Amino acid sequence: MSKDTVEIPDLMDSLEYGPAPENTAEVRAWLSDHDAFGHFINGAFTDPTGSDLFDVVNPADDTRIARVVQGSSDDVDAAVSAARSAFADWAALDGHHRARYLYAIARQVQKHARFLAVLETLDNGKPIRESRDIDIPLVARHFYHHAGWAQLVDTDPELRDYRPLGVAGQIIPWNFPFLMLAWKVAPALAAGNTVVLKPAEYTPLTALRFAGICRDVGLPDGVVNIVTGDGETGALIVDHPDVHKIAFTGSTEVGRIIRRATAGTGKKVSLELGGKSPFVVYEDADLDSVVEGVVDAIWFNQGQVCCAGSRILVQEGVADRLVHKLRQRMERLRCGDPLDKSTDIGAIVASVQLERIEGLVEEGREEGAEIWQPTWAVPQEGCFYPPTLITDVSPAATVSQVEIFGPVVVLMTFRTHDESVQLANNTPYGLAASVWTENINLALDVAPRIRAGTVWVNSTNLFDAASGFGGYKESGFGREGGREGLYEYLQPDLSAEPDPEPHPDYQASRSTPDSQPSDEPESAGSSAPPIDRTAKHYIGGKQSRPDGGYSLDVHGPDGTKLGEVGKGNRKDIRNAVEAAHRAEPGWRTTPAHTRAQILYYIAENLTARADEFADRLRDQGAPVDRAAAEVDAAVRRLFTYAAWADKWDGAVHHTPIRNVTLAMPEPIGVFAVACPDPLPLLGFISAVMPAVVMGNTVVALPSTTGPLSATDLYQVLDTSDVPDGVINIVTGPRLELTEVLAAHYDVDAFWYFADDGGGGVVERLSAGNMKRTWVVPARDWWAPARGEGPEFLRRATQPKNIWVPYGA
Amino acid sequence: MSTTERDQKTNGRAVGVYEPAPLEEGRNPGSDLDLEWVRKTRVNRSAVERRAATLTQRRSVKKQWQAAWLLRAVQCIDLTTLSGDDTPGNVRRLAAKARSPIRPDLLEVMGLEQGAITVAAVCVYHALVETAVEALEGSGIPVAAVSTGFPAGLSPFEQRVAEIGASVEAGAREIDIVITRGHVLRGHWEALYREVRTFREAAGPAHLKAILGTGELSTLTNVARASRVAMMAGADFIKTSTGKEPVNATLPVGLVMSRAIRDYRERTGHTVGFKPAGGIRKAKESLAWLILMKEELGEAWTGPGRFRFGASSLLGDIERQLEHHVTGRYSASYRHPMA
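Going down the list, the sequences are from chains A and B. Per this note's numbering, residue 1 is the first one in the first sequence, and the count goes up by one each step. Per this note's numbering, residue 1 is the first one in the second sequence, and the count goes up by one each step.
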């Protein structure tokens, strides 16, 4: 209440908003109670005295608001050790009990919502409106939703055969500090894992307050551990041998480092990385709503949003009107004190980030783009940057390509719907997209064609715990939220299964490099010499001679030469990948029913030649009684995947706005598949067909010990209506070919089922374009429970969440 | 602006400069009916509702700023009584309240003289126009009459036109007409245009407020289209509701109509006002509406020249809030003179 009313007549004339500051007293009192914050390890805060401390700064006024500890190797060891000790009991805990803890956490977040919002804004610089109305409510919702998963995970028919991974190392960014914590911690705990979490060095405070919540709800010691520090501390977590899972949200650059660092370690990894998300506006869109969409897309959280709609693509006919409307709207945005309730754009998180934004915009100006900013000025003190609209810019410009991570948006035009899709996909990223049209036919045509994990129709930046969020392409892999996200913290429970098929009686054959021509004539069953059968590569539906012009001998277990296969090289791989790409658009849109028919047809043709295939398996070393069984098992497996073709359904998520959120499983693209050596026929079918039936195209490296079972398939594939290029087979030195495939930028996924230690290479080289990798060195391919089924299909697809709000 | 003109302005660039029509002074004269513009209009309800829902969370007005805003809201009120039992007695009381809507002692503390604040207009049925005019004599406060078969607007057309003339004759300086909602629901835009045009001509010097009856128009796209047609037909204000429909003024509807006003102004240079009516009872709601106007159309649409509230009980709540501002104590309605 103010009695200072003399100004009212003047204020009536200007009708300004006036200051509306949020009260920070409670939060500041809490901060001043702590000279410095220690880590939260094993249920207690460590004593920060004597540790290496660094400052936490409020970016809105450059003042220090706290000091925290730079986590050392000993700190990380202690945290991981605590998490490891806590794991067994936590994992064994009744799901209902875990649910109670998560429910209690959600309640605590709600009860202290304003405190957490103010703390977040002080630490990060985001407007209080956003932390209060968006971040904190989403956090509470995430914990409620996952309290539900904790309750269900033991009994859900799809989940009960899974078990937790162990200790999850979680490294989160500074743009949504508390929300990202929730996205990481809630599913990990629900699934029965324990956690070592490192908040970003700029924004550790809500995580430390969360530690207090964990203590308050009586969460068992060691289940959640929080270690502060910078990237070095993060690296210690990533490299720690007792961590079984790494979940990271941050830049693609750091994501690559993590992917390489964890390659070959067996750690499960999920990465949610950068983006340059398209915001596509068609001429029949509600342009005024589009303008508000742009505000929510790029001027939300100062544009420091991985899925920010930072590339506006607008149909030419309405481009000038949209630009006019945007500029008018930008004049009315308010940038300044994040704690003021009327602020739209707060502070950039840190001065280095501000400098980066300034540098990139300057680069855009130098490249000839038109930079437009509103007439008003941003505060001089603190880290502020005005909303910026860049026009007259081409896709080649730096500002169109690079993730700016600031309140800066580029605008380009397109002519046709096809061109809009091409431009939308003209980026290594694939996190999200926003599509604006009043024509549902157009929206539902375009949404599946844009390669992104989330597509918002006539909306943008909508999030919910029930909907999976995550990237395509170099935006990373793995999902957060919903059932999709839960699998990131689970693994199939193999405890009830026997060890992978040892086949003691199965003597593998092996192929050797080009041998000297044998002096002795090959013995033949009849007097006439056998007709030479020359197995080449199978690329684009044709047999093609190996580029290098070399062949490899294939021998039986007794040393008998069985034949030859082509010795593939990098150019054969290049050609095979190109063929797979040519086939991919047609194959992904082939109806599931048709794909099933083709698999049935393969099975039918294989059955017709069962004896021949069994003979070949015997020649390559299969025991007599197993050869026919393997052909039979391969036929059954084909039937299994033909059956699944039209049954791997998506979902409609129950997100809390008036809309349908469609989770559509989509094919990933071009797969590399290294088949297992044992069981050359069944292994090939088991490894290749789940990817194929889900609409992917494949470059397969067959068994090196029994490659003829794969090359014999050429004719089966030819006669079974498999479109050219859907399945490509390159024989030869597997590790060498694997390196080429894993490094190839245009291969989207790599399954590695060989046990020659190449899996680490696959994971490391795949970091180049963030391929989805799956490395399984050994597996019992005979047993349907292990050798086929949903796990394969889940990994052969990626969910795309399409949000379609409705209402007339 | 024609397409060729615009293309020339782009100078070969993919994105050109969109130039709105030059602004014109004075009343909206209307324009020819542009059917293509009407039919191309599309409104996305979900997006509009999201904007409306966050609009008031994005802006906050506190302390003396809030008091100033509430006083401005009072100045925008069309103080209204539209009841079957209206008599000269209660209309005279309403007129007295219109002259002095806020207790003078409160005004004084806020630095304003008695009489500095009046409402924008008094709005009554035709039968009470003369009484209201008489009661407001010398105050400068205009009388508005609801007309044309209010609230359904389905009486004989000639009768509706004649009603306007009679009210203007009786001294009404503003006429709130109702449109035939059926024209909108059936897409008979020419018929709607002719109807409002005729009403406008009949009103002569009196300002015309076109009530769209948005609660009966089914879709927001219809609201946007009807707004455009009413403005092209020469409405000085477009108004949401009669107050008698099941759903009256809502922020999403206000957003759509404000944006229509902005578009029309950019196309023609003419200025049209906006009047939400019905269901606006709380001081807080009046702030929300003023925020909407300021954000979507600018400060010029926060004064009575271009913005009105059609309300009867809103004033009472604003009085209580202002007393709270002045005294720091929560108020009671009996402490303020009734209308």
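Read the hints as simulated data drawn from the structure, not as lab findings. Fair warning: there could be bad hints in the mix.
DSSO-like, lysine-lysine: derived pairs with alpha carbons at most 27 angstroms apart [unchecked claim]:
| # | chain 1 | residue 1 | chain 2 | residue 2 |
| --- | --- | --- | --- | --- |
| 1 | A | Lys111 | B | Lys62 |
| 2 | A | Lys341 | B | Lys282 |
| 3 | B | Lys244 | B | Lys62 |
| 4 | B | Lys63 | B | Lys282 |
| 5 | A | Lys341 | B | Lys63 |
| 6 | A | Lys111 | B | Lys244 |
| 7 | A | Lys542 | A | Lys571 |
| 8 | A | Lys341 | B | Lys244 |
| 9 | B | Lys244 | B | Lys284 |
| 10 | A | Lys561 | A | Lys542 |
| 11 | B | Lys63 | B | Lys244 |
| 12 | B | Lys282 | B | Lys244 |
| 13 | B | Lys40 | A | Lys268 |
Stretch-level coverage of chain B by chain A, calculated; a stretch enters the list once three of its residues show a Cβ under 8 angstroms from a Cβ in chain A [as the list claims (entries may be wrong)]:
| # | region |
| --- | --- |
| 14 | 199 to 211 |
| 15 | 215 to 224 |
Bear in mind that the values here come from a model prediction, so they are computed numbers and not experimental data. We put the beta carbon where it would ideally sit given N, CA and C, even for glycine.
- [ ] Take the region 199 to 211 of chain B, compare each residue's beta carbon with every beta carbon of chain A, and decide whether three or more fall closer than 8 angstroms.
- [x] violated (count 0)
Task: Holds or violated: Lys111 (chain A) to Lys244 (chain B), with C-alpha atoms at most 27 angstroms apart - done: violated (42 angstroms)
TODO: Take the C-alpha atoms of Lys542 (chain A) and Lys571 (chain A), compute the straight-line distance between them, and say whether it is at most 27 angstroms.
DONE: holds (16 angstroms)
Open item on the list: Check whether the Cα positions of Lys244 (chain B) and Lys284 (chain B) lie no farther apart than 27 angstroms.
Closed with: holds (22 angstroms)
Task: Given pair status - Lys542 (chain A), Lys561 (chain A), alpha carbons within 27 angstroms - done: holds (25 angstroms)
Open item on the list: What's the verdict on Lys341 (chain A) and Lys244 (chain B), does the C-alpha distance respect the 27 angstroms limit or exceed it?
Closed with: Roughly 36 angstroms separates the two Cα atoms, so the pair is violated.
TODO: Sort out whether Lys282 (chain B) lies within 27 angstroms of Lys63 (chain B), counting only the CA atoms.
DONE: holds (17 angstroms)
TODO: Take a quick look at whether Lys244 (chain B) and Lys62 (chain B) sit within 27 angstroms of each other, Cα to Cα.
DONE: violated (33 angstroms)
Open item on the list: For Lys282 (chain B) and Lys244 (chain B), compute the direct alpha-carbon distance and say whether it is at most 27 angstroms.
Closed with: Holds, at roughly 18 angstroms.
- [ ] Would you check the hint for Lys40 (chain B) and Lys268 (chain A), treating anything up to 27 angstroms between C-alpha atoms as holding?
- [x] Status violated; Cα separation ~52 angstroms.
Open item on the list: Checking one constraint from the list: CA of Lys63 (chain B) to CA of Lys244 (chain B), max 27 angstroms. Satisfied?
Closed with: violated (35 angstroms)
Open item on the list: With the threshold set at 27 angstroms, check whether the alpha-carbon distance from Lys111 (chain A) to Lys62 (chain B) stays at or below it.
Closed with: holds (25 angstroms)
Against the hints set out earlier in the document, violations occur for numbers 3, 6, 8, 11, 13 and 14.
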